Amino acid sequence: MNTAGLARLRTKAREALRLRANERPVDGYEHHALVCGGTGCISSGCRSVKNALVDEIRKQGLEAKVRVIETGCMGPCNLGPMITVYPDGIFYEKVAAHAVESLVAGHFREGRPVNRLLHRCPDTGKVLARLPEIPFFNRQQRIVLRNCGIIDPLSIEEYIGRDGYAALAQVLNGMTREQVVEEMKKSGLRGRGGAGFPTGLKWQFTLQAPGELKYVVCNGDEGDPGAFMDRSVLEGDPHSVLEGMIIGGYAVGASKGYAYIRAEYPLAIKNFEAAIKSAREMGLLSIDILESGFGFNVEIRVGAGAFVCGEETALLHSIAGKRGEPRPRPPFPAQCGLYDKPTVINNVETWANIAPIILRGGDWYAGIGTGKSKGTKVFALAGKIVNTGLVEVPLGTTLREVVYGIGGGIQNGKSLKAIQSGGPSGGAIPAAYIDTPIDYEALAALDSIMGSGGLIVLDEDSCMVDVARFFMDFVQDESCGKCTPCRIGTRRMLEILTRLTQGRAGKEDVDLLIELANTVRKTALCGLGQTAGNPVLSTTRHYRHEYERHAVEKQCSTGACPMRIGPAQADNAKKQGGRS
Amino acid sequence: MPQQEPLYDHNQLTSYIEAHRGEPASLIQVLSQIQQAAGYLPKPVLVEAADALGLSLTEVYGTASFYAFFIFRPRGRHGIALCNGTACYVKGAAAVKARLEQELGIKAPDTTPDRRFSLDVVRCIGCCALAPVVTVDEDVHAGVDPEKVPGILEQYK
Ligand SMILES: Cc1cc2nc3c(=O)[nH]c(=O)nc-3n(C[C@H](O)[C@H](O)[C@H](O)COP(=O)(O)O)c2cc1C
Ligand code: SF4
Ligand code: FES
Chain A
1 MNTAGLARLR
11 TKAREALRLR
21 ANERPVDGYE
31 HHALVCGGTG
41 CISSGCRSVK
51 NALVDEIRKQ
61 GLEAKVRVIE
71 TGCMGPCNLG
81 PMITVYPDGI
91 FYEKVAAHAV
101 ESLVAGHFRE
111 GRPVNRLLHR
121 CPDTGKVLAR
131 LPEIPFFNRQ
141 QRIVLRNCGI
151 IDPLSIEEYI
161 GRDGYAALAQ
171 VLNGMTREQV
181 VEEMKKSGLR
191 GRGGAGFPTG
201 LKWQFTLQAP
211 GELKYVVCNG
221 DEGDPGAFMD
231 RSVLEGDPHS
241 VLEGMIIGGY
251 AVGASKGYAY
261 IRAEYPLAIK
271 NFEAAIKSAR
281 EMGLLSIDIL
291 ESGFGFNVEI
301 RVGAGAFVCG
311 EETALLHSIA
321 GKRGEPRPRP
331 PFPAQCGLYD
341 KPTVINNVET
351 WANIAPIILR
361 GGDWYAGIGT
371 GKSKGTKVFA
381 LAGKIVNTGL
391 VEVPLGTTLR
401 EVVYGIGGGI
411 QNGKSLKAIQ
421 SGGPSGGAIP
431 AAYIDTPIDY
441 EALAALDSIM
451 GSGGLIVLDE
461 DSCMVDVARF
471 FMDFVQDESC
481 GKCTPCRIGT
491 RRMLEILTRL
501 TQGRAGKEDV
511 DLLIELANTV
521 RKTALCGLGQ
531 TAGNPVLSTT
541 RHYRHEYERH
551 AVEKQCSTGA
561 CPMRIGPAQA
571 DNAKKQGGRS
Chain B
1 MPQQEPLYDH
11 NQLTSYIEAH
21 RGEPASLIQV
31 LSQIQQAAGY
41 LPKPVLVEAA
51 DALGLSLTEV
61 YGTASFYAFF
71 IFRPRGRHGI
81 ALCNGTACYV
91 KGAAAVKARL
101 EQELGIKAPD
111 TTPDRRFSLD
121 VVRCIGCCAL
131 APVVTVDEDV
141 HAGVDPEKVP
151 GILEQYK
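From first to last, the protein sequence lines stand for chains A and B. Residue numbers are given in my numbering: position 202 of the first sequence equals residue 202, and the series is strictly consecutive. Residue numbers are given in my numbering: position 27 of the second sequence equals residue 27, and the series is strictly consecutive.
Treat the hints with caution; some may be incorrect.
Quick list of in silico lysine to aspartate or glutamate cross-link-like pairs, EDC-like style, CA-CA up to 16 Å [unchecked claim]:
id : chain 1 : residue 1 : chain 2 : residue 2
1  : A       : K270      : A       : E70
2  : A       : K270      : B       : E138
3  : A       : K322      : B       : E23
4  : A       : K554      : A       : D509
5  : A       : K65       : A       : E110
6  : A       : K186      : A       : D363
7  : A       : K256      : A       : D340
8  : A       : K322      : B       : E59
9  : A       : K372      : A       : E325
With beta-carbon atoms standing in for the labels, derived distance ranges [unchecked claim]:
id : chain 1 : residue 1 : chain 2 : residue 2 : range
10 : A       : E281      : B       : N11       : 25 to 33 Å
11 : B       : P150      : A       : V26       : 51 to 59 Å
12 : A       : D27       : B       : N11       : 29 to 37 Å
13 : B       : L57       : A       : D27       : 56 to 64 Å
14 : B       : L7        : A       : N2        : 51 to 59 Å
15 : B       : A68       : A       : R109      : 35 to 43 Å
16 : B       : A68       : A       : N2        : 42 to 50 Å
17 : A       : G45       : B       : P150      : 18 to 26 Å
18 : A       : S255      : B       : D139      : 35 to 43 Å
19 : B       : T58       : A       : Q179      : 48 to 56 Å
Calculated directly from the structure, the hints in this document are not laboratory data. Source: prediction; values computed, not measured. Glycine included, every Cβ here is placed at the ideal spot set by N, Cα and C.
Build the full structure now, drawing on both the sequences and the hints.
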């Protein structure tokens, strides 16, 4: 296929998507019913709802009028199974299989939305029928998630109909490698995998590195517990990642790419595999893409469950079939990466940003966000928050807007205690800082980090000492053991934190804990060890009084840690028939 | 004791290995396929894999044992994985774990004597929005509380 062929295909594909743009269709359909098929929704039974929907539509003789499409994650995972019906984008939530009959009769046959399945404003009880009326959706700006929940992830035609592969065509038809890199630099995009390194600069280093053979790698390990945006993008819009990788390959002069996806994400692997296959069939992944002379190929490598494998040098070892152990940097992968060749490695979300930046220009992207944090960021909302799921907002949006405006506030009328960001490498931001704009610098100033974008909301029942213990347990468990400060240091810290939560540690232990955290930070080999102390440093900074209470009074006011049976635990113990 | 079914189809596993003969870099791929089919990594199969890929058995073990994903002993017919990632921890995974262990009469990471269930604790399966999460085989059970545990186990014979 050449560029003209792609353009023809796009025109046709757009026609099939007209209903979803609230335009009159040309194919006779009156409705598109989109069923969310993200992993979250699958666990709440969306597959049986979808089957029931298809059956019922057939039973009521509406197959020619209603098309059912299974999409990737729509975002608000706690509302599944959910169905969005076009035109108008009418949003149905918590649809049970037995409600499908009345939905089909009501909405599709008689043309009136079924009131009781619609979303309601939690405060006023007013029905909010359409997506653009619902705060969860209308306060977002979706670039990475532009197609998630809107298209069938298994259909390359639908992706093409939404401007898919147009950026690739533009790049291959008249942009030099340097121009592509320049556009990325202009955009100000920073890597979304955690460290926030400028993507354009990384590409430039790889482009300028000497050598014929270069590689492109997609980091889909997503080891950070509490983060699931990479999974949702790979599942819900795999072509956006694939297109980004091909463009990156062209820009740095690589002809081979690897997508490293963790084995715990079977649906992501399956959908990405399908994307590769259909791109090959269309000639978008070939030795002569769009007849431009540029050739590129992508393969999947399955990760095998070790947090440290997400670290870039460890990941490259793992792709090569070895133990996923980090090595010292420099040399950076841009110089010496996979099989010792120059390699550009970026995160899933980073790759999904590339095509829109090319299509709309680096300046457009740089116009979104703040200071040194440009563009949008996807956040995974979880914990004690009303609306859980994925949201994408411009950087610089305040925590308040995300937690209350979009997230609907704290569950069960409790009060917010902290927001944990950045996972095991991050920290807890106290409720008092709720008006902080979310950007790389502002979070760092509060001893936390952006990380991959997990936001775990903690309410008044959380014990911050126990939260620190939880993370230390995690990193201690996940340390690869290659260097002593990390291997021994995290173990000692875990011991102290455990003793604190059991009422067996004193004040001097808290000081020792902080000293250890700082030492490991300075002496560990890779990012895992270097950041392992962060949850300790942030909680001792913001919640020193809680530590003192544990150390001196041997008490925990929340009852969440093993030391004392507080109200929450007594409750649980009762539920379990006396076991505690 | 009832006759145990054969644990895996040897020919199938051999075919995965043969597809990558002479490619040491494919080790993890091959191991994943074997484990997916057999449920664990049987030693005789690892010996074959080492030979075909051109690695020593020590290298194969050294790499495989590094990854939490790989297991070396047969597991139960149904694999239960309890998530203890951050979101699940915050939402009470500990109580769910206690109940699972109570119902099954084993501690993670063990297998029940009748080989019906194995119990593992894992770190985040990416379903954090619906925490706490337990998977049984391929099924994800979300929003689990201790009360729901017996009902979930009931579904797997
Ligand atoms: C312990 C550790 C774990 C990491 N895990 C991931 C991960 O799961 N996914 C990811 O994209 N980056 C992860 N990173 C960051 C990568 O090393 C690397 O910075 C990133 O993939 C670069 O891509 P980006 O520039 O697009 O962010 C991890 C880093 C460390 C130190
Ligand atoms: S810091 Fe920890 S994880 Fe990183 S290399 Fe050292 S021991 Fe391994
Ligand atoms: S923390 Fe349990 S699924 Fe992510």
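Name the hints, by number, that the structure is in violation of. 9, 12, 15
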